[in-house]
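K.L.:
Line order of the protein sequences matches chains A and B.
Position in the first sequence counted from 1, then plus 119, gives you our numbering.
Position in the second sequence counted from 1, then plus 119, gives you our numbering.
Possibly wrong hints are sitting among the right ones.
What the simulated footprint calls covered on chain B by chain A, stretch by stretch (three residues with Cβ under 8 Å from a Cβ of chain A suffice, anywhere in the stretch; the number is not a length) [what the hints assert, rightly or not]:
no., region
1, 233–245
2, 434–443
Cβ-Cβ distance ranges computed for the label pairs, FRET-style [said to hold, decoys possible]:
no., chain 1, residue 1, chain 2, residue 2, range
3, A, 289, B, 449, 29 to 37 Å
4, B, 172, A, 449, 29 to 37 Å
5, B, 333, A, 291, 36 to 44 Å
6, A, 452, B, 375, 49 to 57 Å
7, A, 147, B, 187, 56 to 64 Å
Quick caveat, the hints were computed from the structure, so don't treat them as lab data.
Using N, Cα and C, we set each Cβ at its ideal position, and we do this for glycine too.
Number of protein chains: 2
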Amino acid sequence: MGSQEQVLEVARRARQAAAELAPLPRAVKDAALHAIADALVARSGEIVEANAGDVARAREAGTSEYMIDRLSLTDDRVAAIAAAVRHVASLPDPVGESVRGYTLPNGLELRQVRVPLGVVGIIYEGRPNVTVDAAALTLKSGNAVLLRGSSSAYDSNTALVEVMRGALADVAGGVPADAIQLVPGRDRDSVKHLMRARGLVDVLIPRGGASLINSVVEESTVPVIETGTGNCHVYVDAAADLDMAVDILVNAKTQRPSVCNAAETVLVHRDIADAFLPRALRALGEKGVTVHGDAAVRAHAGEGATVVEATDEDWGTEYLSLDLAAAVVDSLDAAVAHIRRYGSAHTEAIVTTSQSAARRFTALVDSAAVMVNASTRFTDGEEFGFGAEIGISTQKLHARGPMGLPELTSTKYVVTGEGHLKGV
Amino acid sequence: MGSQEQVLEVARRARQAAAELAPLPRAVKDAALHAIADALVARSGEIVEANAGDVARAREAGTSEYMIDRLSLTDDRVAAIAAAVRHVASLPDPVGESVRGYTLPNGLELRQVRVPLGVVGIIYEGRPNVTVDAAALTLKSGNAVLLRGSSSAYDSNTALVEVMRGALADVAGGVPADAIQLVPGRDRDSVKHLMRARGLVDVLIPRGGASLINSVVEESTVPVIETGTGNCHVYVDAAADLDMAVDILVNAKTQRPSVCNAAETVLVHRDIADAFLPRALRALGEKGVTVHGDAAVRAHAGEGATVVEATDEDWGTEYLSLDLAAAVVDSLDAAVAHIRRYGSAHTEAIVTTSQSAARRFTALVDSAAVMVNASTRFTDGEEFGFGAEIGISTQKLHARGPMGLPELTSTKYVVTGEGHLKGV
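Working from the sequences, and respecting the hints, build out all of it.
P.N.:
In structure tokens form, the structure reads like this:
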């Protein structure tokens, strides 16, 4: 399983499927999505049974209960996954949208229209719901997908993909089953072959931790969209409303610590540190947060949260837990410099009542999202009104921030003349 | 020269310069561009002298006169380069443009605004005017640039960059000289180090032949935008206007054969081949074109152009010369299949009077630009009304087709609330 030839073979079939998918009208794609949702519900028993095998093997291997929970499927969870597919069907189709259009001085009519990317590879970790989410979003945007989930969910993913492909067979209008394929093989080699399938695969989107993303970026010759590494900062300005600052910090850190838009570092302006830190440490302590502080922060230890000494490593760490790095800075510009040096350019927030501070912070911070007086947790495709997201890009090319359906497209120019010749 | 440490050092300086450039208002950037144009004209003598050395060395090395011409600078050419810089100054500044903006149901105000990419590396061949064009376009779009031209133009490029950097020193408002830097070293190693400067360089844009582009794509860990490989097709449909088809084909092939948007292959519908090919071969023959034909085309040999036997290699060749591959196809769909198999997804044209044929061709052909009844030669930033272009992207991510100033930017989301917390 997972030999280079096998991976290239599924990629070639995906390429052919992508060519057939691209011109399909929205109605056909939506019908396919509803057929998939129906089939997931109807065949929920098979899916849950396949998943039970993965879960049992994970338990035997000593996997943590948290990871077991992420891996597990029930009838209710499958129904929720099917509902998400129907929601994708309800979203506008980005393909064919005219993003630019005018008539040139020589009479040529130019239109720039959205087209599918082609073949999209998704490399992801534990949760099997990603298998269906990613398939639905890529199908809706006219792309063929190659799914490469965690080997721990291989049987679950195999069942889910089989159900989805089976559903496509019955849809009128010709949605090719090869639009949705699992990359064969449980071993790491199959990921390698996928990363070298340049010319067959148009883009790879790794979803997961920093080490997965870095290894894909390093080894892939297929273009990559980096997603989801979030070392997010909250900067409490000298002119902050202290109540608001405490609330935003606690929300950003503790509302769901395991996700990429949770805060990992707080930077506090020196002028407000003595007023802010005692209150913040108390509030963080109530939520069980351990603060990794610099000397100025540690001077307030004992006022609530557990405070330990921050090392240089802490500033660059995405904890994804109830830990928070904390430093006092001399100025807004010093906060910006800290963020530029240590941040992952995902989301940073400023809490301030000063319009000029907000303006300077949003201008100087070079991250996918900059929040003014709002929690970092709002960086999310649903929250931004995109209806759904395939991930949050932390790179600057192609798409930055939450990626919805339009971000799964490219464009082409269609230029219409009546015998137009150049230079005459 | 060109050690890894030296290349990383210029990249680090570029990164710092990019941070200073990003927030600069248009007026400062435009003043810098005019200062550059002034300095190029004022110091034209030095530039032409440095160029004379490059030209002499190229002559000694037996370089073709065509390449010598591309390399050579005169006072008039320097003046034209300066005029192009002033033209870039006249174009709108893409930075700060709001591309999306609305208020979310919870009252958060969301804006997606254009920001510079950061540090852009340009790898290019012979012509020294690219040095200045690329610097002007990247500066206008708020980016720092690392220029890596051909070693044959090293002294010319060194002089041009020195003049541009000198001009920046006198501009009010603080445009850092390190916004424009030459990658040190004439050797290939310096290109390698540039390609591995991930984290310091945000994007590499290779401009040049297929082999340059392929080697960058293969080796770079920095994201790459592929540009300029054009195996462009003209498809003459069964319903074509024959006069128009001959004119478009001759224009697309011969008006400037050495550029990426020139046609390299003509595909002729079988139903019209006997009527079209004799006229086409005559017209191509008058322009000195050698046709590499399949058997059906060769059956018309003797009617004008020199016709030789096409091999499989011809279908994938970007001649950039007065050569043209030619085949007869059974249908529009067969033409599309040929293009998908052998094309480079740059520009393809259909000549037809049939609305349904035009619609099907533009829907099925997956290239950066699709022309209907117009020459492939129109795929160009100037022609498309972009004012200028940094290159023509043949990839699907980030930018596709001619890249103007907006394509040299990314975006960020600025989200403003009044203490908004998630989930409460």
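K.L.:
Does each hint hold? Answer for all of them.
P.N.:
Against the structure, the hints come out as follows:
A stretch counts as covered by a chain when three or more of its residues have a beta carbon under 8 Å from one of that chain; for the region 233–245 of chain B and chain A the count is 3, and the coverage holds. Taking a C-beta to C-beta cut-off of 8 Å, the region 434–443 of chain B contributes 0 residues in contact with chain A, too few for the three needed, and the coverage statement is violated. Range check, residue 289 of chain A to residue 449 of chain B: about 32 Å between beta-carbon atoms, so the 29 to 37 Å window is met. Our hint of 29 to 37 Å for residue 172 of chain B and residue 449 of chain A is violated, since their Cβ atoms are close to 51 Å apart.
The supplied range of 36 to 44 Å is met by residue 333 of chain B and residue 291 of chain A, whose beta-carbon atoms lie about 42 Å from each other. For the pair residue 452 of chain A and residue 375 of chain B, the beta carbons lie near 51 Å from each other, so the given range of 49 to 57 Å is met. As the Cβ distance of residue 147 of chain A to residue 187 of chain B is approximately 57 Å, the hint placing it in 56 to 64 Å holds.
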